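Residue numbers (the working numbering), protein chains in the order written: chain A, 1 to 112; chain B, 1 to 115.
Quick caveat, the hints were computed from the structure, so don't treat them as lab data.
Just so we're clear, the structure is a prediction, and the values are computed from it rather than from any experiment.
Using N, Cα and C, we set each Cβ at its ideal position, and we do this for glycine too.
Treat each hint with caution, since some may be false.
[Claimed, not checked] Counterexamples of contact, computed for chain A against chain B with all Cβ distances above 12 Å:
| no. | residue |
| --- | --- |
| 1 | Gln6 |
| 2 | Asp24 |
| 3 | Ser27 |
| 4 | Arg31 |
| 5 | Thr47 |
| 6 | Pro70 |
| 7 | Leu91 |
| 8 | Arg100 |
| 9 | Ser105 |
| 10 | Leu109 |
[What the hints assert, rightly or not] Straight-line C-alpha distance at most 30 Å; calculated DSSO-like pairs for lysine-lysine:
| no. | chain 1 | residue 1 | chain 2 | residue 2 |
| --- | --- | --- | --- | --- |
| 11 | B | Lys36 | B | Lys57 |
| 12 | B | Lys57 | A | Lys57 |
| 13 | A | Lys14 | B | Lys107 |
| 14 | A | Lys11 | B | Lys36 |
| 15 | B | Lys107 | A | Lys57 |
| 16 | B | Lys51 | B | Lys107 |
| 17 | A | Lys14 | A | Lys57 |
| 18 | B | Lys59 | B | Lys36 |
| 19 | A | Lys57 | B | Lys59 |
| 20 | B | Lys36 | A | Lys57 |
| 21 | B | Lys107 | A | Lys11 |
| 22 | A | Lys71 | A | Lys57 |
[What the hints assert, rightly or not] Restraint-style ranges between C-beta atoms, simulated for each label pair:
| no. | chain 1 | residue 1 | chain 2 | residue 2 | range |
| --- | --- | --- | --- | --- | --- |
| 23 | A | Asn18 | B | Glu15 | 27 to 33 Å |
| 24 | A | Leu55 | B | Gln3 | 35 to 41 Å |
| 25 | B | Thr27 | A | Thr76 | 28 to 34 Å |
| 26 | B | Arg38 | A | Gln54 | 28 to 34 Å |
| 27 | B | Gly16 | A | Glu28 | 38 to 44 Å |
Residue strings, one per chain:
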Amino acid sequence: DTGVSQDPRHKITKRGQNVTFRCDPISEHNRLYWYRQTLGQGPEFLTYFQNEAQLEKSRLLSDRFSAERPKGSFSTLEIQRTEQGDSAMYLCASSLGQGRLFFGSGTQLSVL
Amino acid sequence: GQQVMQIPQYQHVQEGEDFTTYCNSSTTLSNIQWYKQRPGGHPVFLIQLVKSGEVKKQKRLTFQFGEAKKNSSLHITATQTTDVGTYFCAGPTPQPGGGADGLTFGKGTHLIIQP
Numbered sequence: 001d002t003g004v005s006q007d008p009r010h011k012i013t014k015r016g017q018n019v020t021f022r023c024d025p026i027s028e029h030n031r032l033y034w035y036r037q038t039l040g041q042g043p044e045f046l047t048y049f050q051n052e053a054q055l056e057k058s059r060l061l062s063d064r065f066s067a068e069r070p071k072g073s074f075s076t077l078e079i080q081r082t083e084q085g086d087s088a089m090y091l092c093a094s095s096l097g098q099g100r101l102f103f104g105s106g107t108q109l110s111v112l
Numbered sequence: 001g002q003q004v005m006q007i008p009q010y011q012h013v014q015e016g017e018d019f020t021t022y023c024n025s026s027t028t029l030s031n032i033q034w035y036k037q038r039p040g041g042h043p044v045f046l047i048q049l050v051k052s053g054e055v056k057k058q059k060r061l062t063f064q065f066g067e068a069k070k071n072s073s074l075h076i077t078a079t080q081t082t083d084v085g086t087y088f089c090a091g092p093t094p095q096p097g098g099g100a101d102g103l104t105f106g107k108g109t110h111l112i113i114q115p
């Protein structure tokens with residue numbers, strides 16, 4: 001499978017715990033995006049990378065959220081001290097430059 | 001910052017009827033993209049429009065980009081049950097230093113088809 005893959009598909013955690021998600025983009029894509037989506041809403045931008053450089057972070061992204069793309073390939077998104085409001089689908093997407101986005105299947109986070 | 005607004009939020013149609021969703025931006029867009037998300041799925045790219053007044057067709061789907069490049073529409077002729085899903089428009093996000101990059105999505109139009 002040469003698409004965007006995300007791991008895990010589902011994550012259930014207790015409030016206050018830390019969670020980390022992984023995204024493997026399409027190999028030749030230099031851009032990688034993280035979005036968050038809640039039921040009935042559109043994808044909400046969180047952050048994106050061009051190669052290993054993080055170019056932009058949403059102002060909505062609190063300091064509990066951090067993302068890395070250390071070698072310009074896979075990326076991780078960590079949420080510290082999770083809150084119930086963090087429950088959502090976390091989508092990763094990749095692109096070549098400013099072209100179309102290819103999305104992964106997402107990680108569904110449930111914070112109890 | 002830029003907002004991409006879509007209407008309607010929900011649209012119920014009988015199978016075979018036409019469907020249209022509209023997208024409006026508060027700023028001029030260099031391009032606009034459309035995505036479809038099936039229930040339980042992830043967004044899938046449909047098309048990108050770049051030129052002012054551009055019209056593109058994909059079988060029963062017709063996409064338009066407004067002359068001022070601030071609005072766009074998607075029209076589906078004779079809907080089928082396979083068209084069910086949520087349709088999103090997305091435009092480049094204005095950057096603090098000027099220009100636009102990344103992609104901001106609208107909230108989408110949920111298409112519900114009654115057989």
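Inset, instruction - Return the numbers of the hints above that this structure violates; sort them in rising order. - result: Result: hints 1, 4, 5, 7, 8, 9, 12, 19, 23, 24 break, sorted rising.
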